[in-house]
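Reconstruct the complex from the two isolated chains, following the hints.
For the protein sequence lines, the chains are A and B, in the order given.
If you count by the working numbering, then the first sequence holds residues 352 to 520, one letter each, in order.
If you count by the working numbering, then the second sequence holds residues 2 to 644, one letter each, in order.
Honestly, the hints are just simulated from the structure, not real lab data.
Quick caveat, the model's predicted, so the values are computed rather than measured.
Positions of the beta carbon are idealized from the N, C-alpha and C atoms, including for glycine.
Each hint should be verified, as a subset may be incorrect.
As the list claims (entries may be wrong) - Pairs of lysine to any residue residues, derived as SDA-like cross-links and limited to a Cα-Cα distance of at most 20 Å, are as follows:
| no. | chain 1 | residue 1 | chain 2 | residue 2 |
| --- | --- | --- | --- | --- |
| 1 | B | K601 | A | Q465 |
| 2 | B | K317 | A | E405 |
| 3 | B | K294 | A | Q383 |
| 4 | A | K416 | B | E315 |
| 5 | B | K601 | A | A509 |
| 6 | A | K409 | A | G424 |
| 7 | B | K317 | A | P391 |
| 8 | B | K104 | B | P79 |
| 9 | B | K9 | B | R162 |
| 10 | A | K501 | B | E61 |
| 11 | B | K477 | B | L511 |
| 12 | B | K171 | B | G288 |
| 13 | A | K433 | A | S420 |
| 14 | A | K512 | B | V608 |
| 15 | B | K317 | A | E419 |
| 16 | B | K317 | A | L379 |
| 17 | B | K78 | B | P24 |
| 18 | A | K501 | B | G38 |
Claimed, not checked - The calculated label-pair distances, taken between Cβ atoms and stated as ranges, are:
| no. | chain 1 | residue 1 | chain 2 | residue 2 | range |
| --- | --- | --- | --- | --- | --- |
| 19 | A | K512 | B | G621 | 28 to 38 Å |
| 20 | A | K409 | B | G476 | 18 to 28 Å |
| 21 | B | E177 | A | K413 | 47 to 57 Å |
| 22 | A | R439 | B | K17 | 40 to 50 Å |
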Amino acid sequence: MANSSGVRDSHPLLEGETTRQESLNEILSSYQGHKEELIPILQHVQRVFGYLPEPAMKRIAKFLKLPESTVFGVGTFYAQFKLVPTGRTIIRVCRGTACHVRGAPSVLAEAEKQLGIRAGQSTPDLAYSLEAIACFGACALAPVMLIGDKFYGRVSPAEVKELLASGQG
Amino acid sequence: MLFADIQKHAVAEWDKLRHGSIPGILVGAGTCGRAAGAEAVLAAVRKELKQRNIDAIVIEVGCIGLCYAEPLMDIIKPGRPRICYKKVTPEIAAQLIEDYLVKDNPRPDLALGTIGRNVVDGIPKLFELPMLKSQVRIVLHNCGFIDPTNIDYYIANGGYRGLVRTLDMKPEDVIEEIKRSGLRGRGGAGFPTGQKWEFCRKSPGREKYIICNADEGDPGAFMNRSLLEGDPHSVLEGMIIGAYAIGAQEGYIYCRAEYPLALERLRIALKQAEEYKLLGDNVLDSGFSFHVKIKEGAGAFVCGEETALMASIEGKRGMPRSRPPFPAQSGLWGKPTNINNVETWASAAVIMQKGADWYASYGTEHSKGTKTFSLAGKVVRTGLIEVPFGATMRQIICEIGGGILEGKRFKAVQTGGPSGGCLPADFVDVPIDYDSLTSAGSIMGSGGMIVMDEDTCVVDIARFFLSFTQLESCGKCIPCRWGTKQMLDILEDITNGKGRSGDIELLQELAQSVKDGSLCGLGQTAPNPVLTSIRYFREEYEAHIEEKRCPALVCNALVSYYIDPEKCQGCMICLRSCPAGAIKGGKRMVHVIDQGKCTKCGTCLNVCPPRFGAIVKTSGEQPAVPTEPTPIGNRGKTRGGQQ
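Extracted from the complex, chain B is given alone in its bound form (with noise of 0.2 Å):
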């Protein structure tokens, strides 16, 4: 079959869905829609429309995005632009069907925005909405409008059009477009990819291979599983455009277990491929072979080290190696081999479907193009956005992210996960590139971004990353096995209470070694969320040390509970609720804690009605209040007395 028949076969049926006689219903089903409740929604929508006898198009789609407001469902009228509903219950959605489908009231009480020219009154367009109107979506332009199952939805939108047209092209020639397009390694450090393709393509030997690492174990970064399950086929266009311009026969994606929904539609996407003949023997009859194996991770973060990916994949222990020799000499069964992350090799179908120019004139001057961050934290707007390089902090956490929750105060924001640094709110207008975070001690990383508020700890914060890393290292070198563990127990030791003058500096120190002993990134960088937030946060780690006090109030062994005796009204709902029987009262009593039996669970505090508020946190100071219960009656009388 000749791609333009493809291509037409394609764009009839996504017109189908899209100007089609009968209504489509769209709901996403991502990993994060799915946590919301999305398989009930569905379930809910399937059966209306059985009872109800309404024929419609029920299609799963991926993320669009917007998780706070999941799960979404899109329905599409016939005649009507598509409109997108938010925090969609079994029964809203039961409703909806009955309210717009049959009785054509769209609900825009329900709505969060219409998508498309036409506009539906008392519905706002949902481009235009704060999350999504600053945003510059190339990467995830498919990601909740297509079906991730279904290739001709991905075709009927501009896709395996890049691949089309890199067949036509020399191999130099792919790769001298995706230099002049300026796209760097999305998976963190950066290097330029064209230079990285070319590298492999000039390395002698006919058997070559190129890997997608699919394995994103950062904690706090869902990019990559985000875009794997809302349109795989991006990636995979990526991957044989590349195959194509290095000269490789075989691919491998290696992508983490924790991943099953991402892995079923790459399956899915595989299949669907080979069916096409995009993938496999004589792709699309131009004698270019490609093919392409899945590789299930098994739980090891250092296994998006390439080095390590490959012996993974060989069956052996995920353990790094030296370079050189780098993969573009010795790879895969030694073999001259090319790995680039999901968001590079999506990037590139981009560039092949829409052209280097287009895509650089997005960015800044030394980082070209989009990029892709999972907003996560203490942020209204939790969700996967992309924006341009050189958008500054403000925009993203502010306008994107609608602030802080609660109206608390931004504190800080960690970028680059367990290799990356914590910025505090000074950062704020800083244009986010590779270069600019490098500068401030933080890592692009792959695109995590955790927005912190006043009542987040720093320390706590160094303290987990380091139980990650520590945890995750191979053991293979020495400064990374032992000098994680032992920069892990000063900072249990910090937050426990028992640190000592001098911690700070003895963590430097350590962190420094364990920076230049260590053979990958992993080691390389664990110590940055400790160096980051010594250089930025010194003063709570003088807290910690000096004053033991938590000023975020959230290290348990420096924090007490106390009840005012100005407020305690003496019902006995905390006395009951104590765990630890550690609170003293009765009724129309002044309750008190007993500090020695107190085990700081912060039941009380949960549990005392908000009207009373007599629950006191409190970490440092410790305040003075009666140790026994008095009755209430004689709290004016007392107070008096001390005046």
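Chain A on its own, in the form it takes in the complex (with noise of 0.2 Å):
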């Protein structure tokens, strides 16, 4: 797995705290062992852990009978997924094509020269992630920004400074 091995060894599920380990036992025994439940519960762990851990997945491929690969497999394919820890904040930067022709390529590169971090990567500090995403159809208002779950629309490239100062909380 792609992980960089000083975050791999970290994570809790290695060290066997055992909250997060429960936490993980929690997750599946909400679950009957389908293969079929294997998006829903990758979706949950990642809600839960913010990425998905390879001990987690290799729990997830034994719990369901699977191969770890397809476990990967499913992993890697959507884009939802994340292997690596993301940042506590996630921004996220909509490039639908309402948002380009409205000017979303100039917003994106004032987040990440604010931020410092290009699209796809999160700050050292694991404080703020930046992605930019397909489309949110609010395109009506494009473009459009989201700083953790909450939407902003009519961004402007001058006002994303002070957009990222106001969604820290």
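Here it is, written out as structure tokens:
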């Protein structure tokens, strides 16, 4: 797996931290073990852990009686799943068509400049991740940006700095 | 409970809002409304009502489609028509409560329109507004009007009557009615819905499935999101009707994870329909049972393709497979399956409520009924609209959309998203239906409509779509996986000023191979934006390739910035703002840009005071400007000397 070893080795699941272990067991206990539950389980794990830790994927494979390669294959196929930890606040800039023609590239460039990272990366302190998203379907308010769960419409590059500061909380 | 009793209760609930003794306040809080600030408006309304001790019904409604004017707030004051207010801020919301609810001044200056028979002086009727006047709202008739989390409001407005009628009919007759309505799949391909249902009904096997495809992945399309957020029960009713007609016991709604609000509203709708026994075991004591599950997508555009979608529901990588066998013979878990799009299911519900003949009275000969479009891009009034087939682009863009932003020139419209095409202004009077768009080289698609003006570069747009499809290709078919990559590389070269003669022909040749060699719709249609833009805007490709010029001044590598020595006032604002330190000058000196250092970020253009307008953005020819700063005082002399 492509994680940097530092991140993987320090993961609580490997350290045997009981609360996290229990939380994975808890997650699995709400499923029946049918193969079609793979994607919902991965989504659930990512909601709790913020990404898909390798040990969790191995456990899921055992739980669903699937080859580890299948679980890994599904985990890498869908854009939603992250194999490395993501920032505590995720900034998403829409790069849909309407946003593109109304200036999303400059909004994204400004967000990259303000955070000092490129789209798809996280800040070293894991405070922020920056993502470019295909389309949120809020095209009439293009360009659109999300800070955490909060939508901002008609964003101009000049506003990005202020929005990032206000969305920290 | 009998449906008649449910209906009676529902109408009573609806009347409490419409003709009750206390005011009703409705805030458009779909995703678009929220992006515009609807949540802050709602909070302000609740706070103000509490402080003033006013009893009122406050509800969140879906989007009425007038997204350009959001956030929208409607006030129903007892004895008065419903008034819709535009661009409401928390301050305006509080002011309206004081002015209208307390002091009885309806504030026509803040209103958009009235809804209902009565009028208010100084406020137009909402449905007489240019954006709504030529629309025919059949599928969207509840969006923005009812609380989508209240099943009673849906029932009071005719909802689930189509299901009741269906349960009294033979399944074959239901299919016949859908056939007679002329309904075609609203997901884009336009296959006749009744025929599709019939295939699945006639397919052998007791276990059958139906699926609602709510994986609306086209960038620039939000019709399904709005419908699910604003009127989820209409989709559910259509599915229950379809299940009865086809003979399915189980259904899935596959909705993309990027639509959290739609998912939430669907979950609520499912629960309510089950409580009223409109869904589940023994629907309305008819002996027919049907269960629905919601599946959340995980972010893969290709899962909008039916075989990939089914693989995803089964928990696999969402990769398409070859057809036949078609889903009607062997679909989900190998059982006969019928997949329709969100809008198709909602249309089926209305058809069963109001009858096939009524529905077929709208539209053209081969495309019956209405179609929703998301109108976005460089148009004055953006939003979600619904028009009968046969309407023209001119009606949609000029009348409904109010024309192009800032009075610029209309250049093209992109329909069908990354699978569709870029149609030039010449098509503005062509009636829109499945067949006319296909013969123009585009497709109907699910209904995204992105308007482009003279400042949009079609080569850049073609590159944009290719970068999307290349990223979203599942990788199964090599022509799609590598062909889109090669096409993207060529388009990037062209937009970066590295285009070569013969690139256009190479793109066309590659496009054909990708179309021919791909298994599913993604690959078969991915080259469409490139092919149509070459067909209609070949001269723009040639300008990029031969003259290294971007006529729309979009492609960064091909544009440059200059300071007009006649206009520069030597104010030093641009010099101080330039992040690259590329501007030379001084107080009362004509500034110059060092082209070697310039990163073309455009900051100088944005900061130069509009009354000076000294920064020039250009592509192609290099204007003759000084290379070193000169004192402004010399300007007149220099000019005199030249003369």
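Hints, one by one, checked against the model:
Between K601 of chain B and Q465 of chain A the CA atoms are separated by roughly 18 Å; this keeps the pair inside 20 Å, and the hint holds. As the CA atoms of K317 of chain B and E405 of chain A are separated by approximately 19 Å, the hinted pair is consistent with the 20 Å bound. Restraint check for K294 of chain B and Q383 of chain A: the C-alpha separation of about 16 Å stays at or below 20 Å, so the hint holds. For the hint pairing K416 of chain A with E315 of chain B, the CA-to-CA distance comes to about 15 Å; that is within 20 Å, so the pair holds.
With a CA separation close to 17 Å, the supplied pair K601 of chain B and A509 of chain A stays within the 20 Å bound. With a C-alpha separation of about 12 Å, the suggested pairing of K409 of chain A with G424 of chain A holds against the 20 Å cut-off. With a C-alpha separation of about 11 Å, the suggested pair K317 of chain B and P391 of chain A falls inside the 20 Å cut-off, and the hint holds. About 14 Å separates the Cα atoms of K104 of chain B and P79 of chain B, which keeps this hinted pair within 20 Å; it holds.
For the hint linking K9 of chain B to R162 of chain B, the alpha-carbon distance of about 13 Å falls within 20 Å, and the restraint holds. Of the pairs offered as hints, the one joining K501 of chain A and E61 of chain B holds, with about 17 Å between alpha carbons and a cut-off of 20 Å not exceeded. The straight-line distance between the Cα atoms of K477 of chain B and L511 of chain B is roughly 17 Å, inside the 20 Å bound, and the hint therefore holds. A hinted pair counts as satisfied when its Cα atoms are at most 20 Å apart, and K171 of chain B with G288 of chain B qualifies at roughly 13 Å.
Taken as a hint, the K433 of chain A and S420 of chain A pair is honoured in the structure, with Cα atoms around 16 Å apart against an allowance of 20 Å. In summary, the hint linking K512 of chain A to V608 of chain B is supported, as the alpha carbons are separated by about 17 Å, within the 20 Å threshold. At roughly 13 Å between alpha-carbon atoms, K317 of chain B and E419 of chain A fall within 20 Å of each other, so this suggested pair holds. Among the hinted pairs, K317 of chain B with L379 of chain A is consistent with the structure: their alpha-carbon atoms are about 18 Å apart, no more than 20 Å.
Simply put, K78 of chain B and P24 of chain B have alpha-carbon atoms about 5 Å apart, close enough for the 20 Å limit, and the pair holds. Between the alpha carbons of K501 of chain A and G38 of chain B the distance comes to roughly 10 Å, so the proposed pair stays at or under 20 Å and holds. As the Cβ distance of K512 of chain A to G621 of chain B is approximately 34 Å, the hint placing it in 28 to 38 Å holds. The hint said 18 to 28 Å for the Cβ distance between K409 of chain A and G476 of chain B, and at roughly 25 Å that hint holds.
For E177 of chain B paired with K413 of chain A, a C-beta distance near 52 Å keeps the hint of 47 to 57 Å intact. In this structure the hint that R439 of chain A and K17 of chain B lie 40 to 50 Å apart at CB holds, the actual value being about 44 Å.
This entry satisfies every hint, going by the numbered hints stated previously.
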